[in-house]
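Whenever a hint applies, use it, and build me the whole structure from the sequences.
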Amino acid sequence: MTVPIGSIECSNSHCGHGNPASAKVCAACGAPLLHLYLYGIGSDLRSLAPGTWLANRYYYLGDRRFLDGKPGQVPEVPGEVTRLLLSYLRLVEHRPQVPQIYGVVKQSNFSREAILLLEGAPIGPDGSLLPKLVDQWAKATPLRQLNWLWQVARLWEPLQDAGVTATLLEPERLRVGSGWVRLLALKDNAGRSPSWTEWGRWWVQRMRPHPALESLVSPLLQQVALGNCDPPTLVANLEQLITQVAAQDAPVDLAVASLSDPGPSRSRNEDACYPFSQDQTRGQRLGLAIVCDGLGGHEGGDVASRWAIDQLTTELVPFVEAAAQAPPSPELVNATLLRAIGLANAVITQRNVQEGRAERQRMGTTVVLALVIDRWLYIAHVGDSRAYQITPTGCYALTLDDDLATRETRLGLGFYRDLLQISAAGALVQALGMGNSEQLYPSVRRMVLDEDCAIVLCSDGVSDFDLIERSWRDQFPVHWGQGDPGQTVAQMIALANQHNGHDNATISLVQIGATRQLLPDPARLRRPVMVPSPPLDRELEVSPAANPNNPNSFQGDDLLPSVVAKMPQTELVTPAAEPPPLPPAGRSPLARSSWIGRWFSLLALVIFGGGLLALVIMPLVRQLVDANAPNTPAPSATPITSPSGINTTPSPVPSPMTLNVGEVLQIKPQAAALGLYGPDRTTLVGWLPPNSAIQILRISLPIAPATPTATPTIANPPTGDRPSGPPPGLTWVELKICTLGRSNPSSSLASGATLWARQADLGDRVVAAAPLPLPNGCQTATITPDAVNNPP
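Under this note's numbering, think of the first position of the sequence shown as 4, with each following residue one higher.
It is worth saying that the hints were derived from the structure and are not from the lab. Don't take every hint at face value.
[Claimed, not checked] Each computed DSBU-like pair below joins lysine-lysine, with the alpha-carbon atoms no more than 35 Å apart:
{"#": "1", "residue 1": "K109", "residue 2": "K27"}
{"#": "2", "residue 1": "K109", "residue 2": "K73"}
{"#": "3", "residue 1": "K135", "residue 2": "K73"}
{"#": "4", "residue 1": "K73", "residue 2": "K27"}
{"#": "5", "residue 1": "K27", "residue 2": "K135"}
{"#": "6", "residue 1": "K142", "residue 2": "K27"}
{"#": "7", "residue 1": "K671", "residue 2": "K739"}
{"#": "8", "residue 1": "K109", "residue 2": "K135"}
[What the hints assert, rightly or not] Simulated restraints on C-beta separations:
{"#": "9", "residue 1": "A427", "residue 2": "Q139", "range": "40 to 46 Å"}
{"#": "10", "residue 1": "P321", "residue 2": "A427", "range": "36 to 42 Å"}
{"#": "11", "residue 1": "A756", "residue 2": "S268", "range": "49 to 55 Å"}
{"#": "12", "residue 1": "A430", "residue 2": "T734", "range": "31 to 37 Å"}
{"#": "13", "residue 1": "A427", "residue 2": "S46", "range": "36 to 42 Å"}
{"#": "14", "residue 1": "A430", "residue 2": "R527", "range": "51 to 57 Å"}
{"#": "15", "residue 1": "C32", "residue 2": "T55", "range": "26 to 32 Å"}
{"#": "16", "residue 1": "V770", "residue 2": "S268", "range": "33 to 39 Å"}
{"#": "17", "residue 1": "D47", "residue 2": "D282", "range": "53 to 59 Å"}
Each residue gets a CB set at the ideal place from its N, CA and C atoms; glycine is no exception.
The following block contains the structure:
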């Protein structure tokens, strides 16, 4: 690759010196240089010659690849959020598998249209495109094949929600970088949504499993192709196989070291870490590392970070020791991580309450942790402390900062790099100690370890100004046995103090040796049990109320979380009560068309006809009875005591917020989906998912009771929220849908639609939306459908 001298400017804001692309550090200030490779989308790129500069900034390498010559400057972003761009924004939590929007470049003398630039595309450290999955499949080990297939299956439902599942049926777009499946660019379904069975047939025709797996994996994929195995079921069965293969495999090797330093500009160190020393600890199979960053500007940040480390290690160290004897299930690990984080939050929050601390006087801290159990890696975090994975093919961010810019990006309200220019965009939306645990939503991510790598946990004093991204190739040894983790963390702290230096600097390094793998014995592998599994659109759920009948539920008050483990899919918590998507009309993969099934259906209609009539009439009778019944207070729950001795009496239910015409509100992430009705206020149109934004247009007087014949029939309503028609005498609210949440279970709902909701249903489901532009006339921005689907 030949690039002119002066092609990369130093991203140090006090420097900006030009350097050749082959340089690793700036010749003027010595800061590591950021080599940022981008992937371009635009039809005019076919005629662009390699070696061309666009906008005096982007150097074209060919094959739609660009090198950013001024990575320290803010890129120009698209002027509107089109349908396809919105898909990228909604899928930000799925990086590094899904690339993200970096900006656009316009050059009138070359192109009539703006070229869209993607960051995080499958481009290697040398600037070359990573290979296609179809070309690497036959060369992969059994564990890696299972890992790749597991990742693709987990991507189906998020991409289906975003309307881009066509991406997974194009070999050119499916790339692999070591253990990661990477998408080159998204492809809009453009009115034709590929079916899950179609994907199954596509995979069966192109990917033959390793001989050690063929007798087990091929039948699974054939069931997918026949419509007898949905995405959650396939994922669950693949996880069974991964666990079995890992049990026969060589144990992973681990070396862990941590170091914390106050930095050159701070007199007090508010960071804390585990292990407590840079002296490396070595072992196999199991490992734990934690970094906490006390909130700057808040009193007692150093106390909060130490308390968090103490509470987390008290909960997790014994758990890790027990895992050596009996490996826990992924659901148990997820629940344990959330419980530990919730307890740490409870301890700090209770101290704040006892001492009367408020606002910036409250003690608080971030947390990021890595837990290794055999071939599984778990990453959990709250706040803006980060986790990275370093592999031969790149440096991958495993966490998303819990700040305003990230939240608005996930809602589709703007582009991340552009939002960062807003003064308050870096403000945290959550941290330990800032509130009760019912309002805390840690992210948990799970990965398969099938190669040597380094896991880096750090506070923002280390990660700021892209220092990890700029220095990873020289600082972190990737292969097992290379370098000394204790020396590595010391060198990285020195680099952070030299080139950042504005904050405390803390880092924990987990070096993992996982490349050494043994071929599994097919005779010892059991055929997975084909059982349905929970939906894939939630990694974990934090329920606002504990379920005493669930052994995985931790019951407590407003300081302690109730945790229910679900099948992993995303690293961000989503609500439990979101209704499942309605199946496409006229198609049911598991339906039987035999005459026996039709006769049983007819018989069922005859037997239950009277029951259906009763279901129509009884709600109206019940409403009349309830309207005249006295208000009876709910029985108080019996206080329980947590392991830390905190009183856990459930807190009262908050009262609904006051609604004002013109106000823009957001459905809380943890709330149940909201039922929306048509103009007649009797026909249920669909369910509005959490994280959706709405605008109040009108608050109407109560309407007359609906007749039994007008009572709507509801398919698959959320659990515990089954209206059988709008009750009489309720106040109704007319609203406009500004944006839809991360998944839309009701295909009949669309942004910009005007519908009705019961005021009582809004209740405490909503909060005031952030003061940023919202689409569909709610404020200023607009969301428009793509005119065409531009392939990469």
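Query raised in the report: If you check each hint against the structure, which ones fail?
Result: As far as the earlier hints go, not one is violated by this structure.
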